[in-house]
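Enquirer: Could you use the hints to bring the two separately framed chains together as a complex?
The chain contents come next:
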Amino acid sequence: MSYLNLNGVSKGFRSASGGRTEVLHDAWLSMERGEFVAVVGFSGAGKTTLMNMVAGLATPDSGTVQLEGETITGPGPDRMLVFQNYSLLPWMTAFENVKLAVDQVFPQWDNKWRREHTENYLKMVSLGHAMDRKPSQLSGGMRQRVCVARALACEPRILLLDEPFGALDALTRGTLQDELMKIRSQDDRTILMITNDVDEAILVADRIIPLTAGPRATLGPSFTVDIERPRDRKEINHDSRFKKLRKDVNDFLLGSAADKRNPVKVPAKVPSFGGTPVGVSA
Amino acid sequence: MKKLFPFDWLVLPMVGIACAMLVWYGLSKTITPKVPTPLATWEECKVYVLEPFAKRSELDQGVLNFTRYSLVRVAKGFFLAVLIGVPTGFLLGMSPWFFKCFDLLFQILRPVSPLAWFPLGAALFTTFKQDALEYAALFTITVCAMWPTVLNTAVGVRAIPQDYLNVAKVLKLSAFQTLWKVMLPAVLPYMFTGFRLSLGIAWLVIVAAEMLTGNPGIGSFLNQEYLAGHYAPIIFCIIIIGVVGFILDRIMNVVERRFKTI
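Chain order of the listed sequences is P and Z. Under my numbering, the letters of the first sequence match residues 76 to 357, in that order. Under my numbering, the letters of the second sequence match residues 7 to 268, in that order.
Next up, chain Z with everything else stripped away, as it sits in the complex (with noise of 0.2 Å):
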């Protein structure tokens, strides 16, 4: 974009949120009084912003750890939805016979909110006892955060050039190396779009699956506090999820764009 003044890309991101920050001001003084004003928000909140990590109690163990627990269980539903996504992805994009029979029932799983799976994933899990939960929101996150994952990596696997198998035919390359050599590289920029969108997916739903696990989290503090009747922490907890999400976001465009290279 063009570049309007110096810093333009400091300041004026600075006015949107200020902007942000007078609504808000005059929404608590008007027609919402429950909710804290800016100011009021941070002298209640500034003891977690000062001392993030510092443990108080076990309903307050320190947003930043919290944060550090959501995101360990992101990790490992993202982790487990790449794991399923990308094969499934590749099937759907070489297979006829795989898309004929699965793209339907995908295209219906799909749109399920993840407080639809979440008691299907417990009720899944029941035999694991005290851990049902803490599976079920991990089943949740991976089947909501894999489509992004399936559909770009199935769209890559199709948009592979000819010319490349081709090459592969040509040189009489086997099925592993054709796979390892020509279309894994091929498809890669495709797979990290999907990654990216998938990340996304899995930070949106871990609110919502701690919120019902209970266990600690980001998503459960929000909801606790919430239960409590503290408006402060809850407009806290969702600036620091947005500015993790936001994180998260620009670490996998990073990542996205040194594969785009090719």
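Same shape as in the complex, but just chain P (with noise of 0.2 Å):
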């Protein structure tokens, strides 16, 4: 038994037409304590309806998503999601939305030291001086370090990222993946991130695992990035690892979406060396 264990987890949804679609079809996954993980998969392709059920604001309907032997039923601060597109309340303060959190997950502590750590967690993110402005004020990337800084706050026993970076562009984009990284070598929680990028997959996870073409989608076997930390943005490009890493995870994923015989489904934007948007920031 591992620390998070999905054990053939299904899940479908009633379509218009009254049937029922199956978006995620007996999906298995072990994970260690202190590893990260990144599922990677196209979109549409179940990723946020995975991520829902390891939050618990899904069930599977058949399977279990286990955490600690404990078998998931709802949701809770110790399975903190960062969610995709911020969800800061926008009548508080940065510092209120994460303080929020911080009184609910420990009424315990007294308010000063509840406001330390709403403080310690907002400067380990850079955003010391931006702690009283309301998310309208910050921009994309400020507003998810806030959410970031808002989940750790929260110590949960397994940080959820929900493609927490798409909203944003290139550049914010790569900014925030190195302070994640940075983040991570200071705080080894253990981390199940989904995405769309396998290039950013790459840089910062352990482990990837590909999600295949929806509908029906399942979990593909494992990729170990045996890239060694700190890696360099910049220098990962010309590794040959992580080239024939990302061709790995993406013949996978285009051959499971060629699977589907449905030519539609296989995206436009094939990675192509030199070209990606991790590599422009510099």
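If you are wondering where the hints come from, they were derived from the structure by calculation, not from laboratory data. Honestly, I wouldn't trust all of these hints.
[Claimed, not checked] Cut-off 20 Å, straight-line C-alpha distance, at most; resulting in silico cross-link-like pairs (EDC-like, lysine to aspartate or glutamate): (1) K175/Z / E171/P; (2) K318/P / D334/P; (3) K175/Z / D178/P.
Expert: Printed below as a string of structure tokens:
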């Protein structure tokens, strides 16, 4: 039994025509404590559905999700989620957004301690200067940092990142990836990340698991990223292990899409050497 | 809007008002000689404008005193409408059961005129003897004015982004905290749109309600001048009612925009 287990998880939704579409089919995953795993897949393949089941926001139709041997039945801050679209409460400042979570998770602490805890995490994501700003006064990248701070401040047993940088421009995206790696070097939290960017996955994760093209998507074999840390986004582009891994993961994903005999599913953007968004920032 | 020339915001509305005065003057000089001209109206109503708080008799307590009575009545009715409308709107927006039970009923009750509600109110409150008509007036204002608050609140509740609710779920906020810290702030802008429209209706209904009760207020003053065959004060009252309604709407607009910053 590993730290996090997905045991043959399936989940479907009723479609408009009245039938049932199975989004995820028989997904298996095991993750050790302290591991950073990235699930990579196409848009609409069911990545968010998968994440929602680990978060407890959705329940599997069959199979179980277990964390440290306990079956997950509902949401909780021990599996704090960084949402795709920030999801900060817009009427609260950055500080208040994080503090709301801290108050909720550590009610036994006195208020001064909770305030300090909140400030520490906001400083950790380099937002010490912007704590009193509302989300509307923050850039996209800063908002997502607040979300990361909020999630980390809960000290979750597992941190869930649902396409955390998907809505950001390439430059900001790169900066936040670097920061995520920096934070991770200080705090060896177990992290499950979902992304559609293979390069991003290779850069930040210990292990990559592709999600096959939907419907009836399932988790593919595990690809270990055997590139030593710290990883540098510029140098890694020339690393032969990086190139091979990217090719392997992409081949697997494209192969799974071709198997569906549905050429529309094949994404137009096939990563090419040198011209990828991650390589741009410098 | 584009600026046409300096002080256009002041000059052009005056042109509009001047046009209306001209039409008024023309009509009273030609086809409706019973209606006093603008100047005659001013001559006759000057006393109300110059001494708006002077109480000359039981029937003429000063036009601004009457306005104040009406505003107090509207405030009471509006307050009740908000008190009933907000929770009803929340239930309508949150519970599909409640929605399916009551939506049809509300859609049927909503278009009913205040003139129709008033007699029912009078019948409902007969046990209050001399206060019965006053309660009937409040009842009428409340019942007519609450719908925009109910419907806008319900729309606001349905429009709460799922992400905010997910945050509440993941953080395991209690039902009360979710309502107070997440839902209420998210719905507030919608609620204030409802409040503004409700207040507008409450002010619209006050004249009808007061005509029927005869209790002192701007509406009953207008009615009593009408019964006495004085046309100038009627026009004067219409202007006062319009201006007060405009000011109320402006105030609510400012309040509403303060909450729109979300």
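Enquirer: If a hint holds in the structure, say so; if it does not, say that too.
Expert: Do the hints match the structure? See the list:
1. K175/Z / E171/P: With Cα atoms ~17 Å apart, K175/Z and E171/P stay inside 20 Å; holds.
2. K318/P / D334/P: This hinted pair is violated, its Cα atoms lying about 24 Å apart.
3. K175/Z / D178/P: 15 Å, holds
The structure does not agree with numbered hint 2 stated previously, though it agrees with all others.
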